[in-house]
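Given the sequences, and given the hints that come with them, work out the whole structure.
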Amino acid sequence: MNMIRVTKQAVATALAKASKSYAIAGPVKAGAGHEFRCLGQGQVPDLEYTHTRLSPKSLLFPQAEPMFHFKLPETTGEPGDTPPAFLEAESFKEAPLAVVGLRPWDARALDLLKLNFDSPDYTDPFFIKRYNAMVRVGLADIHPDPENFSLAAGSGPFDEASVDILLADAGDAFIGKVITGKGRDFAGAAGFEPGSPDDAKAFAALKAAAEKEADILPACDRINDADTLDLYHADFWEAAAFSCINCGACTFACPTCWCFDIQDEVNQGKGVRLRLWDSCMTDLYSAHASGHNPREKGFQRFRNRFMHKLKYFPDKYGAGIMCVGCGRCITQCPGGIDIREVMAAMNAAAATVQQEVSP
Amino acid sequence: MTTATKERAENALQEKIQEKIRGIAATLLENGTVDAVIGYSRGSLSHMTRAIMAKTREDAQKLVFNSHCRMNLAAYLTPELMEKACAGKDRAGKVAVVAKGCDSRNMVIQIQENRYARDQVHIIGVPCTGMLDKAALARGVEQEQANCATCIRRNPVIHDDLAGDPVPETDPDKDRFADVAKIEAMAPPEKAAFFDDLVSGCTRCYACRNACPLCYCPTCFVDEARPQWVGKTVDPTDVMTYHLVRAFHDAGRCTDCGACEAACPMDIPMRHFTRKTIRDTVTAFGCEAGTDPDKRPALDRFELKDPEGFIR
Chain A
1 MNMIRVTKQA
11 VATALAKASK
21 SYAIAGPVKA
31 GAGHEFRCLG
41 QGQVPDLEYT
51 HTRLSPKSLL
61 FPQAEPMFHF
71 KLPETTGEPG
81 DTPPAFLEAE
91 SFKEAPLAVV
101 GLRPWDARAL
111 DLLKLNFDSP
121 DYTDPFFIKR
131 YNAMVRVGLA
141 DIHPDPENFS
151 LAAGSGPFDE
161 ASVDILLADA
171 GDAFIGKVIT
181 GKGRDFAGAA
191 GFEPGSPDDA
201 KAFAALKAAA
211 EKEADILPAC
221 DRINDADTLD
231 LYHADFWEAA
241 AFSCINCGAC
251 TFACPTCWCF
261 DIQDEVNQGK
271 GVRLRLWDSC
281 MTDLYSAHAS
291 GHNPREKGFQ
301 RFRNRFMHKL
311 KYFPDKYGAG
321 IMCVGCGRCI
331 TQCPGGIDIR
341 EVMAAMNAAA
351 ATVQQEVSP
Chain B
1 MTTATKERAE
11 NALQEKIQEK
21 IRGIAATLLE
31 NGTVDAVIGY
41 SRGSLSHMTR
51 AIMAKTREDA
61 QKLVFNSHCR
71 MNLAAYLTPE
81 LMEKACAGKD
91 RAGKVAVVAK
101 GCDSRNMVIQ
111 IQENRYARDQ
121 VHIIGVPCTG
131 MLDKAALARG
141 VEQEQANCAT
151 CIRRNPVIHD
161 DLAGDPVPET
171 DPDKDRFADV
181 AKIEAMAPPE
191 KAAFFDDLVS
201 GCTRCYACRN
211 ACPLCYCPTC
221 FVDEARPQWV
231 GKTVDPTDVM
241 TYHLVRAFHD
251 AGRCTDCGAC
261 EAACPMDIPM
271 RHFTRKTIRD
281 TVTAFGCEAG
291 TDPDKRPALD
301 RFELKDPEGF
311 IR
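Protein chains in written order, with our numbering: chain A, 1 to 359; chain B, 1 to 312.
One-sided and incomplete, this derived list gives chain B residues near chain A with beta-carbon spacing under 7 Å:
(1) 43
(2) 44
(3) 51
(4) 205
(5) 207
(6) 210
(7) 211
(8) 232
(9) 263
(10) 267
Here are a few chain A residues that sit away from chain B, every Cβ distance over 12 Å (derived from the structure):
(11) 16
(12) 76
(13) 89
(14) 116
(15) 118
(16) 119
(17) 143
(18) 170
(19) 212
(20) 213
(21) 229
(22) 319
No lab work stands behind these hints, which were simulated from the structure alone.
The structure presented is a predicted model; accordingly, all values stated were derived computationally and were not measured.
Don't be surprised by glycine CBs; every beta carbon is placed ideally from N, CA and C.
Written out as structure tokens, the structure is:
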């Protein structure tokens, strides 16, 4: 057992030590809530935070990412004078980044994102460099929010699968486990003390208590085996989507939504190609160049978002649903949409169809 | 009245309104006056409601009214909805809508702007005593929404049914625009810093725009993509361009319903922009948007006495 402990008073010193070898990111106060930020020298993450409104995905996948810069070449205008355009890749040196205070489900979301950004067909250089350079110092959630259903979504308040270290708040100190080699290196650099067998017991007790408190979501077990078109044509979608105003609040807050748009911004012959977060909730997202839009109606876009998360993605990757149960979309939706209810509706629709076909 | 007593009285009032809404909705649906009723229903979170389209007596029993009916249902009155409501019928759709004072003002404007005809909507008016601020509730504080505190029309301007006795309007003489004056008094650099900070958390999810009953352009200027009119980044210039242009587009039309702020997942008080346009419309033209069905919006008409001091 690789138990570690760091008293709350010693956190700042430990991170200062670690910052000699790592850049540090973590949750800090921003406006009325908390957000993940890369921290400056001496800045300490607020590990008393409950949740961040935006997920930490921006640390791997920023909302606006310059991919490369370009200059339009000067030409004499003579026929045949077409000098090549000038391209310059974004200089990209990622130092090892330790994210301190990452919730276990937010960490799992980063691994789900990787399925899209690092596939057999294509490896996204921006994402994967940051992904590989990241050390995840997780912070278990000893009191999950009522809207959090991470345990049922395949993660949980003490999920160890996607973190390098998992700490838990034990009052005057953080106690926890070193899980990977990356985690061991960070623990060494930060000078975390070894934990005791009592710490191991306390950690297990905190875990049991948090998991007991954690919500179990409406099951989505039947969605997997349901026929895609049966779900797609189920009759609940329009009513379920009625209050949705098709804004992008859910997609931007979501730790697993990864869709993006590409835009060139050009000014006086110089330009930059940007990759920007996009949202499938918007009309523009699915508009074709022809003018046709396959998801013209709001409810169609609503349906697509949930079908992608709960059906297409599991079917494609076999890695479970594209949702870690953080609950951000539930608390932030202006229309009061609750993904747990949509899951239940899909599961129920799947059950109805299955009953109909079985003799 | 103590705060607790006042709350109990308001809750009792709202429960009565809720019962009336259900009764009116059921009758309208059963006697065929309307194809559907747009109202609020309970959300999965205690401090949220969600819009529903009730089509049967059973649906009508799901309608609620409480201090969490922050969304403006006028924003749901799209041509698509009108079409859906009358699907299969050989006539234009007619829907009933639950409308608070501010919502009814937005409906006045939508009718003036030919969004739909007056006879296509049946307004179930609700005398309103204000909504609770969602962001404050998240901090455990029960406090009225800022826009409700300066409300000038708690009772619906137009209605076909009234789901409750009219409530007294707030004191019209009280200083409604102290918030605007405070910002106007700032020195330019201070003002710039204030507004930069105000929108710094914006992710451009457009919840404010989509919740707004005035924002119904078929293609919003930020969605003009051939070519792109406004950059899509979260660069401060792009973000501010969005907020300022939207505020100006709503000038003379905004009823201060507060749906934009209630919808914002980042709790950005973007009403600071629209409040200034409201104050200026009142000062320059003596107009309160949507309070008079017979008077077109201030920026939609010309009168010889219109001030022209701004022309230099």
